[in-house]
Structures are given as structure tokens and as C-alpha cells.
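Undergrad: Chain residues, written in single-letter form:
Protein chains: 2
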Amino acid sequence: MTTAPGRSVSANGRSYRWMSRPLVVVCVDGCEADYINQAIQAGAAPYLEKMCAKGASLLGECVVPSFTNPNNISIVTGVPPAVHGICGNYFYDREADEEVMMNDAKYLRADTLLAGFSNAGAKVVVITAKDKLRTLLGKGMKAVCFSAEKADQLTTENNGIAGVLGLVGKPLPKVYSAGLSEFVFAAGVKIMARDRPDVMYLSTTDYVQHKHAPGTPAANDFYRMMSGYLEQLDAMDVTIALTADHGMNAKTDAAGAPQIIFLQDWFDARIGAKKARVILPVTDPYVAHHGSLGSFATAYLPAGADLAGLSAKLRKLRGVELVLSRAEAAAQFELPPDRIGDVVVVSERLYVIGTSPSRHDLSGLDAPLRSHGGVSEQLVPLLFNRPLVDVDPERRLRNFDIFDLALNHTA
Amino acid sequence: MTTAPGRSVSANGRSYRWMSRPLVVVCVDGCEADYINQAIQAGAAPYLEKMCAKGASLLGECVVPSFTNPNNISIVTGVPPAVHGICGNYFYDREADEEVMMNDAKYLRADTLLAGFSNAGAKVVVITAKDKLRTLLGKGMKAVCFSAEKADQLTTENNGIAGVLGLVGKPLPKVYSAGLSEFVFAAGVKIMARDRPDVMYLSTTDYVQHKHAPGTPAANDFYRMMSGYLEQLDAMDVTIALTADHGMNAKTDAAGAPQIIFLQDWFDARIGAKKARVILPVTDPYVAHHGSLGSFATAYLPAGADLAGLSAKLRKLRGVELVLSRAEAAAQFELPPDRIGDVVVVSERLYVIGTSPSRHDLSGLDAPLRSHGGVSEQLVPLLFNRPLVDVDPERRLRNFDIFDLALNHTA
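Sequence order for the protein chains is E and X.
The first sequence lines up with residues 791 to 1201 when you count with the working numbering.
The second sequence lines up with residues 791 to 1201 when you count with the working numbering.
Careful, some of the hints might be misleading.
Pairs involving identical chains hold if they fit within one copy or between any two copies, as the list cannot separate such chains.
Taking lysine to aspartate or glutamate and the EDC-like style, the derived pairs with C-alpha atoms no more than 20 Å apart in a straight line are [as the list claims (entries may be wrong)]:
#1 K1106 x E1124
#2 K1103 x E1184
#3 K932 x D894
#4 K1106 x E1118
#5 K1106 x E851
#6 K1106 x D1182
#7 K1103 x D1182
#8 K840 x D1156
#9 K1103 x D883
#10 K1103 x E851
#11 K913 x D1194
#12 K840 x D921
#13 K1065 x D887
#14 K1106 x E1184
#15 K960 x D887
#16 K960 x D883
#17 K980 x D942
Keep in mind that the hints were calculated from the coordinates and are not lab data.
Please model the entire structure based on the sequences and the hints provided.
TA: This is the structure:
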């Protein structure tokens, strides 16, 4: 990864033109395209409407499993998990024989283009909502990098910035709140105005999207807020490129009851208790809004298990959309085979996958379950405040093409 | 199809117990499960909430193509299109060499269980929103059968009832209105109160669902209306069973622009103009709310066309979810092979399939496109105002199991 300022930066086999004006890439967590469409329809997001009209709007595919960590890392590396290694929020480390969060930078197998620009002399700012992403995103980078969640604990040494609460003029937001994401935007605006960095990466949390459907009042309020901050950024002559880590769907029946496939119980009943190890890569320390229930699971099976027979039975299970072997899943979803189980199960749009009822605390759910993780949440927005040029209409667009599109294909 | 009153009725190889109280089956057109969930959350549908709580709520799969005619006919016959023959709203009649609406009863290859009950002595009432379904639903039946659309033209000879406008006390509703569906419920309540039929089948129109997302004000208003009428029916000691012909999804990007695969143009560019005949089974005379754009298409190819090669290319096309040969589609979706083309194309959740831009009039769309037709709209609600008993948890539930569940599995 080498470059000279004013030319281009290469990262993971892709080349990015140096920005002619500051570039702000926004990853809106759980931003199903219809959130923006409905907010525009309701008159709640006038800047987003203007942005689509004067710039460009496309749909792209995110990484499956459609979870936060794999997608944020794909966006900042420009490559799928097969290359960068982060294929979930949580995984089974076979070498260490333990189940761990995938938040440590040691799991990251690729350099980020943020680090590439930073090392080439660009001024880079990364702001996340939750702290869990900060370490991964900040790998190898001398730049401003902090989370709204820990905005009261910043030091110049650790974060490249301090005094952000004072700069923003807001109190530390609660971790479960729309305010956590608002703080990201508010800080972005203040820092852009004061420091005018070359690259800014803003990544929000899907607290609102897990609770509220597109077009409902609280969802429209969130996008009204976002529209206002992006308008302020736009006024500072920056390129804005917006995408999402994943979409979001209801995971309930008409009564609002979650539709859950308990996969550990299913295996236990067929091959014996605890013989299979079911991993839910949605798992993270912040479970209150989804109860660790997503639409993607992987399972490690004991030696000698009848993979083909079990897979055939699983395919007939109510709510199951796809059952793939490790090799098939690695090929289809571009995942690192050494970090997924013997079988991958993806559930249908309105279903999620759990382990056993006792292992999911749904008491924190104060609204009917909405979640993600599957193929049904793969399409996400790609929005730009400038027109795009020379994009091959046959090209398969991904959310992790956002830097390429913003730097190499804006007018 | 023979039976004695008081026992059971058989139709198309399935047996239905005689009702112990009047049975009202409601097919809510385009009723994505989240419409009901969101209306309940907003406090707009108190009876629907009570109905779920005291009765039963499940999800079932509708027929693909997830359009109105195939699904209404499956519901009233209890079997898939492979048996009853209605596989679209519109099809290419190869024998007659013409493209025609599939509204004529001559295309129906099975008897309905409505006719079965009627012929066995049950008093049957069928009320549809649009007139297009009335002929098919009323086949072989001496019963009350009319549409809200033509409620001013009813005669006892043709419809088994007259004077419905006076009975309901409402003017004739407009065909493009929420009022068309409201009239169906209002008439159902008045007729149940006056005549207490044994079986009532109410089928609405998805005018509201094509325009308004779950949880938005106009959608909640629709379900508030429906909740009120169903509460009135419930108070008359009837069994209520509710399902949908299909779900409904946004078919746009974040800017609200429809995502359309123009399939006729695609074939024309590859094998010559008009060599392929692309059929959109969504087509019906009422196009204003969807512009004949749905997520399912079938194409007839000229002799010697490279089906495998074209299919492989189609699978890579942006927005394409499935490409199946006639035999594969007939097997997977239980369709009549003689009424579908050489290839079946299903688009992804946010995409629809059209022919050529000039053949789709989108001027009637006054809201961003929402539509259906694909696998992404296959899951629909199954709601009952009484608990269900003895339903095998492994059973694949279909919307066309609704009469079986309501008659054979309610307590």
C-alpha cells in the first residue's frame, strides 16, 4: 500500500483516486432503502430528496451474513470477508477453541483504505456510534478515531482527538438511543467545519431501525435528523456517499410474535445434546434490541455427522431459506472457510435463527422483533450527492464499492 | 364432490368438516403480515390484536406467482395452480394463440369448495372488491356472489341478491379507493346479520397496500376500518379465518425510483426483436396502482433458442433472483406446465419485471411503486379468532390451507 498525495491510493488490489474535495462516507446501520424513501414521502427528509435528485441513487448488495462488523470492514477495505477475514460479529476460533467477539484487530487480514489514505498523508476521521467497531476500523491508522459511546473518554494519544463533548455541545448519549447516532453526525459536522479532513467515515447504530418500520414516526424522525446534518455537511462543499451495512426486515408474524428457528435444539434432538456447536454471528454485547436473533447461523458438526442428510432435513424446516456446506457458503458469500462451520443456514425474510429458547433474553425487546443477517437484507442504498459517471450498467454493485464509486466515478 | 349436510364436503381430494357456526374467510389482498403488526402497535386495530391473542396467528406460504387470481382460486379450491389451472391474472393461450385475461371460468380446471358446500346445501356468500374475480369464484355455485365494484348492477338471477347498496347504506365505491374494500366488509356484516349464511368469502383489493407501507397513516386507517368490521362479525358468533393472496414489498431504491428489469428488451437485444414473447401474469385491466409491474414473468422462446445459455446470462442480471425452465418452475411452484412459458424469471425483493419502457404507463403511480409476484411476497398471515388444534408443527402451511385449518383444526 503506497501512494503519493495528489495521485491515488491502492488497497487490497483496488485503486482509489485522491479526493478533490473532502469525502464523507456514511454507513447507516440497518438502512433498508425504504426508510429513506418513506421519510422523503412524508416530507421528513428534504435534503435526502435533494441529494437523490442532484446526485445518484442506486441499490447495491451487502455482504452476507448481513451483519454490522463484516460489512463495515468490507466497506473500509473494499473487499469481501474472504479477503479481510471478518465474517461476523462473533465466531468460533477453532485454533483457540473458544467462541469470541470478532472485534479485535488481530482478526483483520487486510489493510483498510482508511489506513492507506492516512499513511499517504490524508487527514482521516472515523466516528462510530458503538465502541465495538472502533478498534477494527482504526487498525494501522494514525488518525482521528473514536466512538460516540466513549466520547467522554477520548485522548489525543488514543483517539487523535479530545474534548469532543465540548466541541459538539451535547452530553454523552446513551448506548441504546437514537441520540448515539445523532452524536456521530453532530460530531462529524463540527469536525468537518473546524478541521476539514480529507476523508471522514461515519458509522451509526441501528437502534432505531430494529424497533421502527420505514415510514413510522420514530423512523421518520431519525431520517429527518440525518437529513439535517447531511445538509450541513453538503454546504461545506464535500462529497457525500451513503450506504448501509445491511437492510432490515420484520421478523414476526401478523401478531408481532418473533418467528424463530431454534437450531441448537434441532441438532440436539437429532444427533445428541451439544454435539453440534451452533454459532450465531449476530451475537454482540449489545443484545437488547435483537436478542441475538438474526437470519444467519453456522454450525460445527461432530466428526462422522451426516452432513448431507442433516442438510436435506434442514432445507424442509419451516422458515429455512438456504442450507450450504462450508465450501458452498464460502464460495457463494465470499467468506473465509476457516472461520465458518460445517454448515451455514440462512432463514427466510420473516424468520430468525436462535440456539435454544433459554439462551435468548427477549425481555429487552419492547417492540416486535426486526432484524437482519440473511439474503433478504442484502440490498442496500448507494447514495451520492454528485452524479456518477462511467459505471458499467451490468456491474454487480456492492456496498463495499462505495469508496470506489465516490472517488473514481463522481463527476 | 358429494356430501350430506351435517357431515363433511370433499373437494379436490381434501375433506372439510361441516361448519358448527358460520365461517367467514377473509382474503386481504396484499396483506403483508407487518401491516397488521404495525396497525396493532399503533393502537389502530384493537380487534385484530384481540383476535391474535384469543385465537391463533401463523405464517403460511402463498402460491408463486404471488398474484391475486392464482391465490384466490387456490384458497377456494384448496389446491395449487397445477391442479386448478389459474396461474396468473393474464396468460398466453397457446391453443388460441392469443394473450388473454385469466378471468373466464373456462380456464378453471377444478371445482371450488365453495361450490361443494353450496351444492351440499350450505348457504354461501361470496363478496369481492373488483368484479374480475367474481366469475372465477362463482363457478358452479348457486349462491350469493357479487363484487363491490358492480354493487349497483346486482340481480337476484345473476348474483343471488339485489338491493345491496340500500342494505349497506353506502354509495357505490370508486374502483380505485380504500372504500372498495370497505364496502366488501360493510356488506359482509349486513348480510351476516340479516341472512346468517354458513360460509362467507370476502376478498378485498390491494389499492391501499400498493400505495402505503405498513405502519404509515393510510395503512393504519385501512386496518382500523377492517378491525372494526371484523369485530362486528365476531360478535355474531362466527369463526373468522383471515389470510392474504400475497404479501407486498417496496420495489424501489432509496429515492423511490422503481427498479425494473425490462425483459422483452433484454431478449430482443440478444435473439432479435419480438422473437421472445414475454408474459407478465400481473397484467390486469386495473393497472393504475402497479403499472403491470410485478416480480414474476414468463417467456416463450422461438424454436432453437439457447435456453440454457440465455438462462445463465439472465441469472447474472441485476435484480434477478431465480431463472427456471418450464419443468423446474412447474415442479417448484406447482404450476400447470401448459400455461407457462419456456422460462420463468423471478426478481429480487426490491425489483420488478417489465417488458419495454414504452409498454408500461407509470403515470398513474402517485406513490413510489410497491408490488408483488415473487418469492419475496410468499409469506402471508394465517389468523383465526379461535385456537387451532392438532396442527402438525412440521407441516408446510399454505394460504390455501385456510379452509382446512378453519374447519378441521379449530377448537
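Undergrad: Look at each hint and say if it fits the structure.
TA: Hints, verified against the model:
1. K1106 x E1124: between (25 Å within a copy, 16 Å between copies)
2. K1103 x E1184: Answer is between; shortest inter-copy Cα gap is 11 Å, intra-copy 37 Å.
3. K932 x D894: within (17 Å within a copy, 72 Å between copies)
4. K1106 x E1118: both (18 Å within a copy, 18 Å between copies)
5. K1106 x E851: between (27 Å within a copy, 13 Å between copies)
6. K1106 x D1182: Between copies only: 14 Å across chains, 39 Å inside a chain, cut-off 20 Å.
7. K1103 x D1182: For K1103 and D1182, the Cα distance is within 20 Å only across copies (16 Å; inside one copy 41 Å).
8. K840 x D1156: For K840 and D1156, the Cα distance is within 20 Å only across copies (19 Å; inside one copy 34 Å).
9. K1103 x D883: Neither: 27 Å inside a copy, 39 Å across copies.
10. K1103 x E851: between (29 Å within a copy, 19 Å between copies)
11. K913 x D1194: within (18 Å within a copy, 66 Å between copies)
12. K840 x D921: neither (32 Å within a copy, 42 Å between copies)
13. K1065 x D887: Intra 15 Å, inter 60 Å, cutoff 20 Å: intra-copy only.
14. K1106 x E1184: Between copies, since 9 Å is at most 20 Å while 34 Å is not.
15. K960 x D887: neither (43 Å within a copy, 70 Å between copies)
16. K960 x D883: neither (40 Å within a copy, 67 Å between copies)
17. K980 x D942: Close inside one copy (16 Å), not across copies (65 Å); limit 20 Å.
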